Amino acid sequence: MPVVGSVALNLGLGFSILTILILVFYLHTKDYRLYLTGQRSALGVSVLAIIATLVLINELLRGNFDVDYVAHYTSLETPLLFKFSALWAGQSGSLLFWLSILSVYSLIVIFLYRNRHRKLMPWILIVLTSVQLFFYTLINFITNPFEPTSADFVVANGNGLNPLLQNVTMALHPPTLYLGFVGFSIPFAFAIAALITKETNPLWIRSIRRWSLVTWLFLSIGIILGGWWAYQELGWGGYWAWDPVENASFMPWLTATAFIHSIMIQEKKNMLRVWNMVLIILTFGLSVFGTFLTRSGVLSSVHSFAESPLGPMFIYFVILILVVSTALIIRRLPLLKSRKRLESFTSRESGFLFNNVVFIVICFAVFWGTIFPIISEAVRGTKITVGPPFFNQVTVPIGLFLLFLTGVGPLLAWRRTSKQGFIKNFTIPTIAALIGLIVFLYLGFTGYVLVAQTLIVFVIVAILLEFYRGINARRRRFGENPAQALLRMIRKNRSRYGGYIVHLGIVFMFVGFVGGAFNQEKEFSLKPGESEQLGEYNFQLKNLREEERLNHYAWIADLRATDTHNKFITILHPEKRVYFFRSPDPDRRQAHSELDIYKGIIKDIYSVFTGIEVDKNTAYFKIMINPLVWWVWLGGYVLVFGALISLWPARRMI
Amino acid sequence: MMDLMDLLLIFLIFVGSVGFVVQPLFGRSVSIPAESDELELLKLKKRIIYRQIKELEMDYEIGNLNQDDYLLTRNELKREVAKVIKKIKSYSRKK
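As they're listed, the protein sequences go chains A and B.
The first sequence lines up with residues 1 to 654 when you count with our numbering.
The second sequence lines up with residues 1001 to 1095 when you count with our numbering.
Note that these hints are calculated values from the structure, not bench results.
No experiment lies behind these values; they were computed from the predicted model shown.
It is possible that some hints are incorrect.
DSSO-like mimics (lysine-lysine), calculated; alpha carbons at most 30 angstroms apart, straight line [unchecked claim]:
(1) A:Lys340 to B:Lys1043
(2) B:Lys1089 to A:Lys492
(3) A:Lys269 to A:Lys419
(4) A:Lys622 to B:Lys1054
(5) A:Lys383 to B:Lys1087
(6) B:Lys1043 to A:Lys30
(7) B:Lys1094 to A:Lys198
(8) B:Lys1087 to A:Lys119
(9) A:Lys522 to B:Lys1086
(10) A:Lys599 to B:Lys1086
(11) B:Lys1046 to A:Lys268
(12) A:Lys492 to B:Lys1086
(13) B:Lys1094 to A:Lys492
(14) A:Lys269 to B:Lys1094
(15) B:Lys1078 to A:Lys383
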C-alpha cells in the first residue's frame, strides 16, 4: 500500500507542472477548453495529495513498520489517537500534512469561485499550484514519508511517539496552526493574481476577507492551544516562553491581525491598497518562513540546516515569494496608489493605521529576536540566544500601547471625531481608568503592572460603553428590552460587535499576563506523611502509588493542599512516568512528569512530580502558585466566540 | 513488493485522473462565459455604501458623531450610492 502513496505523490508532482503549463498556455490562446483542463488538473493535484495523506494515515494506524516514518513515530503501544497525530509529528509527515491542507483549501477555492473572478482564477490556480509544486518537490525528492525502513531485519516494533506529544491538546494544536498557516496561501494567491491582472477592485478583497478571518481564527486557536499544551505538559509553569517555534506562529498572526484591521479601510474607503498587499505577502511569507524554522533543523544548529537541502530550498522559496511579490507591487504602484487621504488624525482610520504600525513593530522585534541566534551562529560561529528578557523588554511597552489603542479605536468615529465627540466619548473611560489607577497605586502596584491594570480598566469600560450606548439607542428607537436590544444589535452589526468581543477576549488575556508578575515557586522533597508550605498553602504527601499502564509505568503522588487555616482545598495527583519501560535498553526508557493543576479564577496551584528515589520512598516536587492564568484561557474562549460572531453569515438585506 | 491490489489501485488512479483531466480537450470548442464582474462590482459597491450609511446612523445614534458631521457624511454617501445605482441601471439597460 505505501507504494500507492508514493505513486500518488509522483503523479501529483507531474500534474502540478502540467497544471501550470496548461494554464499559462490558456492565458496565451484563450481557448476555454484549456482552462477547464487546467482547472481539472489542479483538482487532480489536490486530490492526489489527499490520497497520499490517507495512505500514510492508513499505514500509521496499521502500524506498518516497514515504512521508516511509521517506525519512527509510532509503536505497537501507541494509542490510536496518537498514531493518527503521528502524521504531523515528523518532518516528512508534517510537510505532507501542509500540502494536504492546502489541497483541501484549493478544492474549496475551485468549487466556490468556479463561476466567479474569471480573470483572476487562472492566476489564482497557477499560484496555488506553484506552492503545491514546491511541497511536492520537497516530499518527493528530499523527505518522502513513504521511504521504506533501511533496517536489514524485520522491524517488529517502532520507536513510538515522544511522550510530550501524547497529549490531546497536542493532537489538536498542530492541525489548527497549520489550518491557519496554510490558509494564508489563499489571500496571497488572490493578491498576486490581482497584481498580475491589474484587477485591483474591491471584489477580490471581499472574497478574501472571510478567508483571512477564518484562517486568522485557526491560527489564534492554534497559538492558544500551543500555550495550553505548554502549560499543561512542559512543567515549567508558563504558557509562553518566546521559543522560536512559538514565535514562528506569532509573527504571521501579528501581520494577519494588522491585515484584518486595515482591509476594512480598503473595503470602506478604498485606501491602504499598497499596504494591504504588503501585509498579505508578509503574512504568507512569514507562514512559509515559520514552517522553515520549525522543520529545517536550523533552530538546533545552523550546521544541521546545511546538512539537508530542505532548509536552503525553503529559504530560496521565501526569497522567491518576496522578490516576485515586491517586483509586482512596484510595477503596479501607480494603479494601487489611493487618491483618498486620511481626513483627520482623530479618526478611526488613523486608529487602525496606528495599530497596524504597532503590529508591524512588534513583528519586526520578534523576527529579529528569533533569527538573531541563527545569524550570530552563522557569522561568528557562536550562538547568542536572546531569551524572554529581550522579548519582554521590547514587546511589553509596545503591547501596552496596542492595548491602549484597543480601547481608543471604538471611541473614534470614521473620517473625523469632533472635539465635543472626543470629550464625550473619552470622559467616562478616562475617569474609570483614573479611579483604577488610584486604587492600584493604593494597593501597592508599580511599573508595567500598574500601567497594564489601568489600561485594562480603560479598555473594558470603553468597550462596555459602546455596548451600553448601542443598547440604549435601540431601546429609544424600537422600545426593545435590554436583552432584545443587545441580541438584535449584535445580529445586525456582527462584524462590529464580534470585533469588540474579540477585543474583550484580548483584554482578558492581558489580565492573565499581568498575573504572571506575581508567580510563586518552590521545589522540595517529601516522604509520605510529610508536608511543606508555599505562600498561603500547605502541601502534604498523603500517599505514593505505583501503576503499570499500556505504554508507561507511573508513580502517582496524592498531594493534599490546604490553606493557612487548614481548610481543605484539593488533592493533586502529579505523576512521574517512564515510557518504553519494557525496553531492555535503558537508554530507550524515557522519564516524563505528568503534572496536575488545580485551576481557579484567582490562581492556579501547579504541581510537578520532578523525581523519585524509590529506595528512600522520597518524592521530589515543584509547586507553583500562578495567579490569574485562568483569564488567559477565558480570553481565548471569548476571542473565538467574538470571531465566530463576526464570521456568522448575515442575511443579505440589500 | 508491490501486490496485485496496489497495481490495480495505481492503474485506476492514473487512468482515472488522466482521463478526467484531458476530457474537456476532446469536447467542442467552448466560448468563454460572459464577464459579469463589472455588474457584480457595482452591486458590491452599492452594498458597501448602504452598510456604511447604516453604520453611520448607528454611530450617530450612540453619540459617536455630532449632527453636522453626521449630515455631511450621510449626504456624501447618498450622492455616491445614487451614482452607483445609476450605473447599475444603465448597465442593465445595455444588457
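Now for the hints, and whether the structure bears them out:
Restraint check: the Cα-Cα separation between Lys340 of chain A and Lys1043 of chain B comes to about 22 angstroms, which is no more than 30 angstroms; the hinted pair holds. As the CA atoms of Lys1089 of chain B and Lys492 of chain A are separated by approximately 28 angstroms, the hinted pair is consistent with the 30 angstroms bound. Distance check on the hinted pair: Lys269 of chain A and Lys419 of chain A sit about 23 angstroms apart at the alpha-carbon level, within 30 angstroms; holds. Annotation: proposed proximity of Lys622 of chain A to Lys1054 of chain B is violated, straight-line Cα distance about 57 angstroms (limit 30 angstroms).
Between the alpha carbons of Lys383 of chain A and Lys1087 of chain B the distance comes to roughly 63 angstroms, so the proposed pair goes past 30 angstroms and is violated. For the suggested pair Lys1043 of chain B and Lys30 of chain A, the alpha carbons sit about 28 angstroms apart, so the restraint of at most 30 angstroms is met. Of the supplied pair hints, the one linking Lys1094 of chain B and Lys198 of chain A holds, its CA atoms being roughly 25 angstroms apart against a limit of 30 angstroms. Distance check on the hinted pair: Lys1087 of chain B and Lys119 of chain A sit about 22 angstroms apart at the alpha-carbon level, within 30 angstroms; holds.
For the given pair, Lys522 of chain A sits about 74 angstroms from Lys1086 of chain B by alpha-carbon distance, which is inconsistent with the 30 angstroms threshold. Of the supplied pair hints, the one linking Lys599 of chain A and Lys1086 of chain B is violated, its CA atoms being roughly 62 angstroms apart against a limit of 30 angstroms. For the suggested pair Lys1046 of chain B and Lys268 of chain A, the alpha carbons sit about 11 angstroms apart, so the restraint of at most 30 angstroms is met. A distance of roughly 27 angstroms separates the Cα atoms of Lys492 of chain A and Lys1086 of chain B; the hinted pair therefore holds under the 30 angstroms criterion.
Note on Lys1094 of chain B and Lys492 of chain A: the hinted pairing is violated, with a Cα-Cα distance of about 35 angstroms set against a maximum of 30 angstroms. Under the criterion of a C-alpha separation no larger than 30 angstroms, the hint pairing Lys269 of chain A with Lys1094 of chain B is consistent with the structure, at around 29 angstroms. Proximity of Lys1078 of chain B to Lys383 of chain A is assessed by CA-CA distance (about 62 angstroms); at most 30 angstroms being required, the pair is judged violated.
In the structure shown, a violation is registered for the earlier hints numbered 4, 5, 9, 10, 13, 15, in ascending order.
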